[in-house]
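K.L.:
Now for the letters of each chain:
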Amino acid sequence: GQQLNQSPQSMFIQEGEDVSMNCTSSSIFNTWLWYKQDPGEGPVLLIALYKAGELTSNGRLTAQFGITRKDSFLNISASIPSDVGIYFCAGQLGGYGGSQGNLIFGKGTKLSVKP
Amino acid sequence: NAGVTQTPKFQVLKTGQSMTLQCAQDMNHNSMYWYRQDPGMGLRLIYYSASEGTTDKGEVPNGYNVSRLNKREFSLRLESAAPSQTSVYFCASRRGQGASRAEAFFGQGTRLTVV
Numbered sequence: 001g002q003q004l005n006q007s008p009q010s011m012f013i014q015e016g017e018d019v020s021m022n023c024t025s026s027s028i029f030n031t032w033l034w035y036k037q038d039p040g041e042g043p044v045l046l047i048a049l050y051k052a053g054e055l056t057s058n059g060r061l062t063a064q065f066g067i068t069r070k071d072s073f074l075n076i077s078a079s080i081p082s083d084v085g086i087y088f089c090a091g092q093l094g095g096y097g098g099s100q101g102n103l104i105f106g107k108g109t110k111l112s113v114k115p
Numbered sequence: 116n117a118g119v120t121q122t123p124k125f126q127v128l129k130t131g132q133s134m135t136l137q138c139a140q141d142m143n144h145n146s147m148y149w150y151r152q153d154p155g156m157g158l159r160l161i162y163y164s165a166s167e168g169t170t171d172k173g174e175v176p177n178g179y180n181v182s183r184l185n186k187r188e189f190s191l192r193l194e195s196a197a198p199s200q201t202s203v204y205f206c207a208s209r210r211g212q213g214a215s216r217a218e219a220f221f222g223q224g225t226r227l228t229v230v
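Chains as they are written, first to last, in our numbering: chain B, 1 to 115; chain Y, 116 to 230.
Treat the hints loosely; a few may be bogus.
[What the hints assert, rightly or not] Simulated restraints on C-beta separations:
| no. | chain 1 | residue 1 | chain 2 | residue 2 | range |
| --- | --- | --- | --- | --- | --- |
| 1 | Y | 168 | B | 20 | 40 to 46 Å |
| 2 | Y | 143 | B | 84 | 30 to 36 Å |
| 3 | B | 113 | Y | 201 | 45 to 51 Å |
| 4 | Y | 197 | B | 62 | 39 to 45 Å |
| 5 | Y | 180 | B | 10 | 33 to 39 Å |
| 6 | B | 20 | Y | 117 | 33 to 39 Å |
FYI, nobody ran anything at the bench for these hints, they're computed from the structure.
Ideal placement from N, C-alpha and C gives every residue a C-beta, glycine not left out.
Please construct the entire structure, taking both the sequences and the accompanying hints into account.
P.N.:
Okay, here's the thing in structure tokens:
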């Protein structure tokens, strides 16, 4: 099936640092979503992107819908300890019927605090 | 706002036992989904219901059945549990399958162990 390549798989952050992660695919997507999952919880939606080139912010988080429609990026500025968790990207290929409407998820980027 | 509610939160089953995971949403969403989450595998779609009265297989449907009881409720049944079904199960809902309504909202998950 379709796959999203999310990178990096994991990273360590120090408070105050900026963080970047991305998702890429060989397919064109109509929608990109970014989620965060805390331990023992379900994924929570952070940002939704619907147009190529769109840049959307949610507090210290900024996400972009790539111009090629095959990728998306998430940046976290001035990280704080509560930013730790797993971040997932999800994309939708488009179409209103059948499995084309389902979301495809990346495998996640795990953010941890530097020891 | 309850959003998406899953029960139970934790469950231990013996191999061969059956059980039903319950999910209800109060957002008047048309589409509902069941995912499983395993380490390193991301979120994989088991079954989905694009609208009330319809259900379809996702990426990993074997060993599971679903029922869309009404617009609010979507249950997942394991008829004969196997250790390979040890996982965290998430229910999600969306307004619909169309690209303009892609945002999915997740429950808190059911942590299932099959021994």
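K.L.:
Taking the hints in turn, state whether each one holds.
P.N.:
Evaluated hints:
no.	hint	verdict
1	Y:168 <-> B:20: 40 to 46 Å	holds (44 Å)
2	Y:143 <-> B:84: 30 to 36 Å	holds (34 Å)
3	B:113 <-> Y:201: 45 to 51 Å	violated (29 Å)
4	Y:197 <-> B:62: 39 to 45 Å	holds (43 Å)
5	Y:180 <-> B:10: 33 to 39 Å	holds (36 Å)
6	B:20 <-> Y:117: 33 to 39 Å	holds (35 Å)
Checked against the numbered hints above, the structure violates only hint 3.
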